[in-house]
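Residues per chain are reported as follows:
There are 2 protein chains.
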Amino acid sequence: MVYSPAIAVPRDGRQSDMAHALQRGVGRLFRARGHAVVTELGLGNGRRADIVALGPQGEITIVEIKSSIEDFRADRKWLDYGPYCDALFFASHAGVPAEIFPAEAGLILADGYGAEILREPPRTPLTAARRKAMMIAFGKVAAHRLHGLVDPEAGFAEL
Amino acid sequence: MVYSPAIAVPRDGRQSDMAHALQRGVGRLFRARGHAVVTELGLGNGRRADIVALGPQGEITIVEIKSSIEDFRADRKWLDYGPYCDALFFASHAGVPAEIFPAEAGLILADGYGAEILREPPRTPLTAARRKAMMIAFGKVAAHRLHGLVDPEAGFAEL
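Chain order of the listed sequences is A and B.
Quick note: to get the numbering used here, add 9 to the position in the first sequence (first position is 1).
Quick note: to get the numbering used here, add 9 to the position in the second sequence (first position is 1).
Since the hints were made in silico from the structure, they are not lab data.
Among the clues, some could well be false.
So the derived label-pair ranges between C-beta atoms look like this [claimed, not checked]: (1) N54(B) to G91(A): 35 to 45 Å; (2) E129(B) to E108(A): 55 to 65 Å; (3) G104(A) to T133(B): 47 to 57 Å; (4) G51(B) to G91(A): 28 to 38 Å; (5) G51(A) to D84(B): 34 to 44 Å; (6) R139(A) to E108(B): 26 to 36 Å; (7) R139(A) to G104(B): 41 to 51 Å; (8) E162(A) to D80(B): 21 to 31 Å; (9) D80(B) to A83(A): 50 to 60 Å; (10) G123(A) to Q66(B): 34 to 44 Å.
All figures in this text were calculated on a predicted structure; none of them were measured in a lab.
From the three backbone atoms N, C-alpha and C, an ideal C-beta is built for every residue, glycine too.
Put together the whole structure using the sequences plus the hints.
Quick look at the structure:
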């Protein structure tokens, strides 16, 4: 799999190549569904969502990438993402049994080239205030990262 | 002035080097004030704003770049930008007389390295629905452009 070099988007040093590939496939899925996507978005509670999608009506979807059984089992912080989205998905690959993922979240099967939704999640709409805060956070991080690429000499801080 | 090559951000073919430099300086100003910035954002009425800034509370500011007296005089479409922002500025450089710009808009003095506000504009707050639409448009265009850089093989359409 080939990735462009020198893309100034934060990549978690702990993130595996598999997780990175799944992130790419999931990004393509949401883009094809008319959503805009950012990765590694910090939330108000200090957590960092793997993928946040912004829909055409302002819908906020969070997708957590799980590249192994251990990766899922070791991590209960997904419960902290619910209050920041209308819908929460896990995304994993064919080598991880679908049964391990909780029914409270949707499920996406992904690889490095695309993804498909296996199970839609329940929708719990955000309050208007929280939605606004998420839209601001989304726009800010996407624009700031892009701005850093367009004007690298300005020395903006990393986001 | 050095710009990074191969930045997949639309640059209007008619845009002068001066206009491009001013855009950079204005971008730095708003970034320093805590706003996120995108360039060339399409509006609901078919116009395209030179710069749109998103503030920490969701404030929407539009800045129109005017690099010459003729550039300003030839263009009355700035009246169409007001309904899409809380505040509208013109930005120009020291070679253009400040008096030509209307008092209904703010005024920014810029060069390729930075900018300063000479006159604050009146604020006419957007409706909640229009603000939401602008925040979605802002987030979408910034995220889509960034996504195109991160995953160029996906062949996303230009924005």
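Quick rundown of the hints versus the structure:
As the Cβ distance of N54(B) to G91(A) is approximately 38 Å, the hint placing it in 35 to 45 Å holds. Between E129(B) and E108(A) the CB atoms are about 59 Å apart, so this pair conforms to the stated range of 55 to 65 Å. Between G104(A) and T133(B), the C-beta spacing of about 56 Å keeps the proposed range 47 to 57 Å intact. For the pair G51(B) and G91(A), the beta carbons lie near 34 Å from each other, so the given range of 28 to 38 Å is met.
Between G51(A) and D84(B) the C-beta distance comes to about 40 Å, which sits within the given range of 34 to 44 Å. R139(A) and E108(B) have their C-beta atoms about 46 Å apart, which leaves the hinted 26 to 36 Å range violated. Between R139(A) and G104(B) the CB atoms are about 47 Å apart, so this pair conforms to the stated range of 41 to 51 Å. At about 26 Å, the CB distance of E162(A) to D80(B) agrees with the hint of 21 to 31 Å.
D80(B) and A83(A) have their C-beta atoms about 59 Å apart, which keeps the hinted 50 to 60 Å range intact. Restraint check, G123(A) to Q66(B): a C-beta distance of roughly 38 Å satisfies the suggested window 34 to 44 Å.
Violated hints amount to a single one, hint 6; each of the other numbered hints is respected by the structure.
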